[in-house]
Amino acid sequence: MHPALSVILFTCASGGGYAMLALLGLFGAGGVLSPDPLSGWIAFVWSLGAVTVGLVSSTLHLGHPERAWRAFSQWRSSWLSREGVLAIFTFAPAGLYAIGWLFLGEIWRWVGLVLSVSALATICATAMIYASLKPIRAWHNLWTLPGYLAMGLASGALWFTLWAEAMPAVEKPAYDFAAIGLVLSIAIKLFYWHFLDSGAHAASAESATGLGNFGKVRMLTAPHTEENYLLKEMGFRIARKHAVKLRRIALIAGFIAPVAAVLAALLTPHVIDIILLAAAVLLNAIGTVTERWLFFAEAKHTVTLYYGAERA
Amino acid sequence: MSDRRYIAELQSAPKVRAGEQTIDLSPIVHDQVSTTTCYMCACRCGINVHLQDGRIRYIEGNRDHPVNKGVLCAKGSAGIMTQYSPARLRKPMKRVGERGKAEFQEIEWDEALSLATEWLGKIRATDPKKLAFFTGRDQSQALTGWWAAQFGTPNYAAHGGFCSVNMAAAGLYTIGGSFWEFGEPDWERTRYFLMFGVAEDHGSNPIKIGLGQLKNRPADNRAKFVSINPVRTGYSAIADEWIGITPGTDGLFVLALVHELLKADRIDLDFLVRYTNAPWLVIDAPGTAGHGLFARDDAGNPLCVDASGTMHNALEAGVTPRLIGDVTLQDGRAARTVFELMASRYLDDSYAPEKVAEQCGIPAATIRRIAAELAEAAFDHAIEIPVAWTDWAGRHHDKIVGRPVSMHAMRGVSAHSNGFQTCRAIHLLQMLLGSVDCPGGFRYKPPFPKAAPPPAKPAAQVGPMHALHGLPLGFPQAPEDLLIDPNGSPHRIDKAFSWEAPLAVHGLMHMVIHNAWAGDPYPIDTLFFYMANMAWNSAMNAPDAMRMMSDKDESGRYKIPHIIYADAFFSEMVAYADLVFPDTTYLERWDCISLLDRPISDPDAAADAIRRPVIQPDRDVRPFQDVLLDLGARLKLPGMIDGHGKALYPGGLKDYIVWHERRPGIGMLSGWRGHDEDKQGMGEPNRRQLDRYVENGCFWRAEMPEKARFYRFANRDFFDWAIPRGFLDKPQQIVLQLYSEPLRKFQLAAEGHGTRQPPEHLRARVKQGFDPLPSWYAPFGAAVDSEGYVLHAITQRPMHMYHSWGGQNAWLRQIQARNPLFIARKLGERLGLADGDWVWIESPQGRVKAEIKLMEGVNQDTVWTWNAIGKRAGAWNLSATAPESAKGFLLNHVISELLPPQPDGHRYANIDPVTGQAAWYDLKVRLKKCAPEEAGETAPTFDALKTGLPKSPGDLAYGAEFRARRGRP
Amino acid sequence: MTSLPVHPADRKLGLVIDLDICVGCHACAVNCKEWNSGGHMAPLTDYEAWGDSPSGVWFNRIHSFEAGEGANGRTVHFPKSCLHCEQPACVTVCPTGASFKRAEDGIVLVNEDLCIGCKLCSWACPYGAREFDEDVGVMKKCTLCIDRIYNDKLEEVERVPACVSTCPVGARHFGDLGDPKSQVSQLVAERGGYDLMPEMGYKPTNKYLPPRTGRAQAGCTGTPATPLAESATDSTGNKLLRWLDRALSR
Ligand SMILES: Nc1nc2c(c(=O)[nH]1)N[C@H]1C(S)=C(S)[C@@H](COP(=O)(O)OP(=O)(O)OC[C@H]3O[C@@H](n4cnc5c(=O)[nH]c(N)nc54)[C@H](O)[C@@H]3O)O[C@H]1N2
Ligand SMILES: Nc1nc2c(c(=O)[nH]1)N[C@H]1C(S)=C(S)[C@@H](COP(=O)(O)OP(=O)(O)OC[C@H]3O[C@@H](n4cnc5c(=O)[nH]c(N)nc54)[C@H](O)[C@@H]3O)O[C@H]1N2
Ligand code: SF4
Ligand code: SF4
Ligand code: SF4
Ligand code: SF4
Ligand code: SF4
Ligand SMILES: [Mo]
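Residue numbers (the numbering used here), protein chains in the order written: chain A, 1 to 312; chain B, 1 to 969; chain C, 1 to 250.
In isolation and in its complexed conformation, chain A is listed as follows (with noise of 0.2 Å):
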């Protein structure tokens, strides 16, 4: 699948925004933020801030982003409608979570309840539109959804833990979300490639024509010599090499290093602590947009089996 940046974007900045407002919403019903107006402006602009610009980078590639209110109309069987709905309704507690902590000095449990399901919710939704996708292979598995959430969840997790040691505002930073994020993202990263590796494919060249029983399908002629929508859009192609390359940094930048960023730092003194978790930070984002370009990169689509692919 072509990765289209809008896209990539999205998914990598909506993701770490609702998971850091996940975790704001978590800790506070928990108890463990005090409501300091300064630290709460930093927290709420950096994740809705995320947030929006992965909305709004989104819907740059539509054909007609004024029309895209209409996006909201069919949640009752479409993953991208209810993510929008969802992104949307998340602002609502997530508004109201602000007004008390910023203006009124105190935080609202259940508001903050309300607001981490949601905020969860929104990316099972994200996940769940390319979870659903039965043509591609690549996504339509068990590590689709969970992927996301490990990975939401780390980036937002990191993020949390920057701001909170570098923030009056809370007790308990969140290092251990961040550092089990980071290690299921590598668990299920791990898993992933090697689901796809093994071969793991949606259709062949002879269920896609059902001329399997002559022997092996082999594509004599295109329907067109240049390249038309189908290809530019679902035939992108990527060599072994090159993407195995790219998984190790997204696995190296994106995780592990940021694992160790981040335990290196529960032992290092303040202000070297900050240094390292901004670097986490990084380094994760780095490698989690590299991630999500090899999501669509190496994904097949079936609709290549009719352009000379054997399996997709």
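By construction, these hints were calculated from the structure, which means they are not laboratory data.
Small disclaimer: the values here were computed from a predicted structure and weren't measured.
For every residue, glycine included, the Cβ atom is placed at its ideal position computed from N, Cα and C.
There's no promise every hint is true.
Sample of chain B residues with no beta-carbon within 12 Å of chain C, all distances over it, derived [as the list claims (entries may be wrong)]:
| hint | residue |
| --- | --- |
| 1 | His469 |
| 2 | Lys646 |
| 3 | Val790 |
| 4 | Glu842 |
Quick list of in silico lysine to aspartate or glutamate cross-link-like pairs, DMTMM-like style, CA-CA up to 25 Å [stated by the list, open to error]:
| hint | chain 1 | residue 1 | chain 2 | residue 2 |
| --- | --- | --- | --- | --- |
| 5 | B | Lys707 | B | Asp678 |
| 6 | C | Lys153 | B | Asp24 |
| 7 | A | Lys216 | B | Asp678 |
| 8 | A | Lys232 | A | Glu310 |
| 9 | A | Lys232 | B | Asp955 |
| 10 | C | Lys203 | A | Glu227 |
| 11 | A | Lys216 | C | Glu69 |
| 12 | B | Lys69 | B | Glu706 |
| 13 | B | Lys929 | B | Asp835 |
| 14 | A | Lys216 | C | Asp195 |
| 15 | B | Lys951 | A | Glu227 |
| 16 | B | Lys707 | B | Glu384 |
| 17 | B | Lys355 | C | Glu230 |
| 18 | A | Lys216 | C | Glu134 |
| 19 | A | Lys216 | A | Glu206 |
| 20 | B | Lys552 | B | Asp943 |
| 21 | C | Lys153 | C | Asp135 |
| 22 | A | Lys232 | C | Glu134 |
| 23 | B | Lys91 | B | Asp620 |
| 24 | B | Lys767 | B | Asp678 |
| 25 | C | Lys239 | B | Asp348 |
| 26 | B | Lys951 | C | Asp135 |
| 27 | A | Lys245 | A | Glu233 |
| 28 | C | Lys153 | B | Asp620 |
| 29 | B | Lys951 | C | Asp52 |
Beta-carbon label-pair distances, calculated as ranges [claimed, not checked]:
| hint | chain 1 | residue 1 | chain 2 | residue 2 | range |
| --- | --- | --- | --- | --- | --- |
| 30 | C | Gln87 | A | Ala187 | 53 to 63 Å |
| 31 | A | Ala187 | B | Thr22 | 45 to 55 Å |
| 32 | C | His7 | B | Glu706 | 50 to 60 Å |
| 33 | B | Lys826 | A | Glu310 | 17 to 27 Å |
| 34 | A | Lys232 | B | Lys826 | 28 to 38 Å |
| 35 | C | Gln87 | B | Ala880 | 45 to 55 Å |
| 36 | C | Asp113 | A | Glu310 | 37 to 47 Å |
| 37 | B | Thr22 | A | Glu310 | 37 to 47 Å |
| 38 | B | Pro650 | C | Asp113 | 52 to 62 Å |
| 39 | A | Phe89 | C | Asp113 | 21 to 31 Å |
Starting from the known structure of chain A, arrange chains B and C with the ligands on it as the hints suggest.
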């Protein structure tokens, strides 16, 4: 039509449910529909052109039309994009730069016409043959050939010589009709269909319609479809059996079938005796001038002999001739029957399947099986139609018997230097099976059959200011009919009807540029081309053609002094003209699809048609045929001016169609002739004729009575129908020429008899090529297997493109804008070539670079590509870096009009020695993998043409306006 | 409304494509392009029409495949347009209601006035039957010629999809696959018509008739022809003599 069997089963339109889009289910389709005839290719289907606000909304097939019965092919469906092509010429042009540089100045029509009149006038006053008028995809040869004759030049021909003259000539000299689109299988009745070397053909839609029917027959009346073709695509892909023959060996394969049938005595003796010259006696006097000619009585009738040894006029009805046994003629000479000569030749073991299997690349067992299947279909499943008919001798028959085996062959057979004899071999097979013009067999389309060969002889130049006494093209029957000087040098610039190509009944358009450039046999003044891309895919070697047309002599003058060209679009050829006549498109003019030209008839009926303007040109262009008649009048050519020297056809072709008479009563169109508009074929001109055609969907079709539809070479009922319509002269049997005496006469000359003999260097070729019995010899070009040129290289037409002109079409070029070289996967593995690799295709003539595509369904020793996809950069107003020129290629770059030099330096023309047919498919090549830095782009390339036309639009939203009009912006 | 119809009608309009006789001529594809360029979803935009990488919106595309090895293999021409699936995720994934399946005849359409051009439906289609029109910014697709099949301004026989009426060999059939008695349904039953990628579970309405087999080695009856036997030659072995006293009159 089978595709309509399943329709019209719809209930009325359902009403829309809440929440669903309301859709206009019955939008208007047009505010006007006009019928006319398609010309996106030469098949000439009927079309309905739907117009909205004067723009074309939709073109569809005309359901009532005999050719296409409502269907439309890819090309025809893309007519809109050709009509609005940015490559359309806009105004007459005069060359101002060098030839090939496409530097032109737009001029007024008057200037253009007077310039041409000046050039041509001089020629006609001095030496008319210095005008060479050759036309390509021309569908008005009835006019252009006649025009040349009136001008007085013998140097006229259309594209047939490089197209499929082998099929036409072999057929006309053998059965008085031919494949090509002059006949077709009896699609509804045939039980066994052999297709030789066809990718698409002229009968584009008819063949597809026919194959569809044939393949979907009910189980109790099945038919088998066998395709003999080195490549398994298109029609071959849906064949019940595909035979991946080695190019150039069809003759061997067919004669092996003949061998098997004779051996098993599974032949139709009745048919041979009644309808062919099998029983005729052939003089057996080796070494004498009469050897191999027919024994004749004093009246010149061929003789046969009956069991009692009595001689008879072989044309007599009722005689019971002997087929075997030596005969002594009155004059004491020995004679043998054609049948005996034929049988003894093909029973020889050299024709046994085992002997030919390897050369043909077909297992002997397969050849045997096919022979058995042919016999089974022909004899065990014979058809009887309970229709009474009368034969040529007036004898009544209460039924029509059919041998339901049919055959069709085209360029795969004809585009080889042994194509004429190979095609004769196929006709022999048909005759042995008794399946010529019978139910289930190959059937003629009227006006065929004609005498084998037709009587007309090629006309020679008379002199300055004189018309020819006949038409430039005809059918020589003996060396005496050749157009040569006493010293043997050819009268025609293309050397047609000379010893190089004695039966060049369609001329040799492919040799014109070379010969005119070389001044061989003589220099000419003006080359006048119409509708032929001679600077590109119609040149056997494009680079040579371009070089020769722009080559100059010492004095700096072009070796070919003048080139006039009439095209509708900015093709590669336009760049080489000194004077360009911009033509209209096929939707902007009158055209005449005449029975005097290539018929659109079907076996059951005669038919002709017209094209008419359905939209007005938006450019300063004129229909070329009007221009030609205008020129004729300015040149005061006979038949084009009245007594006072005024133009006879001021209205152009439209007038000519209606008023011109070839012979009294015979004109361009056969329908609605006569004062009462009730005459067919022959009758006085009718001023309202064209209105009648338009009312009838722009075509005319006259069915013949059922009893007149078969055995038409010997069917009195057919004679009675055809003669009053001017299709046939006398009610006389047309005897099918299994053994060809005209061929033997040329062969005798080669053997040293007579006053006109071939020059030494051609003797052997003529002797071999003019075998009076079908024969096979290895194609000359294919003999070039030295230096590793071991691979046969051929092309195929894509069904969705018409030669070079399809490529300008915005829709068709999306389907194909480049062409790879297809090779067998195994060959690829052997040569270390994979999909996407680039190779040099090398022949003795040169090399061209192409991308590789591996495939399974291709003969192991054959490589091939699609024809005419490659373009010269900039031509057709395409981007100068378009895939067509950057990656697409022409195989023509490595073909040649001349074969490699002999030891003595002589270079034979790359043609069939009988007809002069261009031997495109004799080509042999070798492949060399490109260096990595060479890959990705084709070569050779030629500097980009700047057409001077407005730059082509980028994106295209054709049709939006129709929708807007329906209130949906 | 991108939830599938709750009570779909029995009528399932669709195409049946005969792979045994399709010669791959592209007529259906181009005629489709031609009709629809001015039709319900007009225009079908073309990009770089005369430029370096020409491409455009097509509702029907002709692929060619080879199945099996060498001479025993087959070349199969393979037209493909929207299959108007019974379980079309291309519809259910649509967030706006632009993509819908008509309850009354099962035709899958896009309402361009609602479409936001998110392309998700084209990702959800396993068959590549959806075509994005960059220029207009909306998704387009085969309409099953809805502006022909019910068009009372056309003659009865013309009320079929353009691709069907133009196919020269008659390899395309149109009808109601929901009605077992319909001619298309019977054709599918007779010839063993099948679904593309059944494992996707989209339940295509369009069916493909497989290339026929077992005819290569057989004669015109479908069974092997009896091999030719050499006809008797006399003692001298002269093969010609067999015709010596065959008396046939002309
Ligand atoms: N390698 C290879 N070469 C081949 C062949 C092959 O099989 N292989 N086939 C050969 C054969 S059989 C043939 S017939 C030739 C065909 O080749 P050509 O006869 O050259 O056919 P086109 O290339 O279409 O060129 C016809 C010209 O007519 C112009 N034209 C189109 N419509 C009109 C019109 O309405 N009016 C006028 N005045 N001009 C028009 C086109 O623009 C084009 O320039 O190619 C030959 N060349
Ligand atoms: N769509 C489309 N239709 C056209 C044309 C076009 O350009 N496009 N051109 C028109 C013209 S001018 C012509 S002349 C006709 C030609 O109609 P065709 O004769 O169908 O044209 P070709 O493409 O030359 O097809 C030659 C076929 O013979 C095969 N072949 C080559 N060598 C041999 C051989 O030695 N033996 C056998 N058995 N087969 C062999 C090739 O693989 C190819 O399939 O088509 C006409 N119709
Ligand atoms: S075959 Fe196609 S292009 Fe040729 S005349 Fe018929 S419809 Fe037109
Ligand atoms: S028109 Fe018919 S034969 Fe041609 S490609 Fe389409 S389905 Fe196949
Ligand atoms: S073929 Fe694709 S677009 Fe058509 S209905 Fe099925 S899934 Fe939807
Ligand atoms: S592109 Fe249009 S039709 Fe397709 S899913 Fe998005 S909104 Fe729906
Ligand atoms: S049904 Fe209509 S829209 Fe669909 S492929 Fe056929 S012609 Fe095109
Ligand atoms: Mo031709």
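The hints, checked one at a time:
Here B/His469 stays apart from chain C, with its beta-carbon at least about 37 Å from theirs, past the 12 Å limit. Annotated as non-interface, B/Lys646 keeps its C-beta farther than 12 Å from every C-beta of chain C; the closest such distance is 45 Å. With a minimum CB-CB distance of about 20 Å to chain C, B/Val790 clears the 12 Å threshold, and the non-interface call stands. No beta-carbon of chain C comes within 12 Å of the beta-carbon of B/Glu842; the shortest separation is about 26 Å.
Taking the CA atoms of B/Lys707 and B/Asp678, the gap is near 22 Å; set against the 25 Å cutoff, the hint holds. Under the criterion of a C-alpha separation no larger than 25 Å, the hint pairing C/Lys153 with B/Asp24 is consistent with the structure, at around 12 Å. A distance of roughly 62 Å separates the Cα atoms of A/Lys216 and B/Asp678; the hinted pair therefore is violated under the 25 Å criterion. Under the criterion of a C-alpha separation no larger than 25 Å, the hint pairing A/Lys232 with A/Glu310 is consistent with the structure, at around 18 Å.
Annotation: proposed proximity of A/Lys232 to B/Asp955 holds, straight-line Cα distance about 17 Å (limit 25 Å). Distance restraint check for C/Lys203 and A/Glu227: the Cα-Cα separation of roughly 28 Å exceeds the 25 Å cut-off, and the hinted pair is therefore not satisfied. Note on A/Lys216 and C/Glu69: the hinted pairing holds, with a Cα-Cα distance of about 7 Å set against a maximum of 25 Å. Proposed proximity of B/Lys69 and B/Glu706 is supported: the alpha carbons are some 21 Å apart, at most 25 Å.
Between B/Lys929 and B/Asp835 the CA atoms are separated by roughly 12 Å; this keeps the pair inside 25 Å, and the hint holds. For the hint pairing A/Lys216 with C/Asp195, the CA-to-CA distance comes to about 19 Å; that is within 25 Å, so the pair holds. Taking the CA atoms of B/Lys951 and A/Glu227, the gap is near 23 Å; set against the 25 Å cutoff, the hint holds. About 13 Å separates the Cα atoms of B/Lys707 and B/Glu384, which keeps this hinted pair within 25 Å; it holds.
For the hint linking B/Lys355 to C/Glu230, the alpha-carbon distance of about 17 Å falls within 25 Å, and the restraint holds. Between A/Lys216 and C/Glu134 the CA atoms are separated by roughly 36 Å; this puts the pair beyond 25 Å, and the hint is violated. This hinted pair checks out: A/Lys216 and A/Glu206 have alpha carbons roughly 7 Å apart, not beyond 25 Å. At most 25 Å may separate the alpha-carbon atoms for a hinted pair to count; B/Lys552 and B/Asp943 meet this at roughly 20 Å.
Annotation: proposed proximity of C/Lys153 to C/Asp135 is violated, straight-line Cα distance about 30 Å (limit 25 Å). At roughly 12 Å between alpha-carbon atoms, A/Lys232 and C/Glu134 fall within 25 Å of each other, so this suggested pair holds. At roughly 5 Å between alpha-carbon atoms, B/Lys91 and B/Asp620 fall within 25 Å of each other, so this suggested pair holds. The suggested pairing of B/Lys767 with B/Asp678 is violated, with an alpha-carbon distance near 51 Å, which exceeds 25 Å.
The straight-line distance between the Cα atoms of C/Lys239 and B/Asp348 is roughly 10 Å, inside the 25 Å bound, and the hint therefore holds. Between the alpha carbons of B/Lys951 and C/Asp135 the distance comes to roughly 21 Å, so the proposed pair stays at or under 25 Å and holds. Taking the CA atoms of A/Lys245 and A/Glu233, the gap is about 23 Å. The hint holds against a cut of 25 Å. The straight-line distance between the Cα atoms of C/Lys153 and B/Asp620 is roughly 37 Å, outside the 25 Å bound, and the hint therefore fails.
Proposed proximity of B/Lys951 and C/Asp52 is supported: the alpha carbons are some 14 Å apart, at most 25 Å. At about 34 Å, the beta-carbon gap between C/Gln87 and A/Ala187 misses the expected band of 53 to 63 Å. For the hinted restraint 45 to 55 Å between A/Ala187 and B/Thr22, the CB-CB distance of approximately 53 Å keeps it satisfied. Restraint check, C/His7 to B/Glu706: a C-beta distance of roughly 56 Å satisfies the suggested window 50 to 60 Å.
Between B/Lys826 and A/Glu310 the Cβ separation comes to about 19 Å, which falls inside the hinted range of 17 to 27 Å. The supplied range of 28 to 38 Å is met by A/Lys232 and B/Lys826, whose beta-carbon atoms lie about 34 Å from each other. About 49 Å separates the C-beta atoms of C/Gln87 and B/Ala880, a value consistent with the hinted range of 45 to 55 Å. Under the hint 37 to 47 Å, the C-beta atoms of C/Asp113 and A/Glu310, about 40 Å apart, fit the expected range.
Take B/Thr22 and A/Glu310: their Cβ atoms lie about 45 Å apart, and the range 37 to 47 Å holds. Restraint check, B/Pro650 to C/Asp113: a C-beta distance of roughly 56 Å satisfies the suggested window 52 to 62 Å. Checked against the hint of 21 to 31 Å, the C-beta distance between A/Phe89 and C/Asp113 comes to roughly 26 Å, which is consistent with it.
Going through the hint list in order, the structure does not satisfy hints 7, 10, 18, 21, 24, 28, 30.
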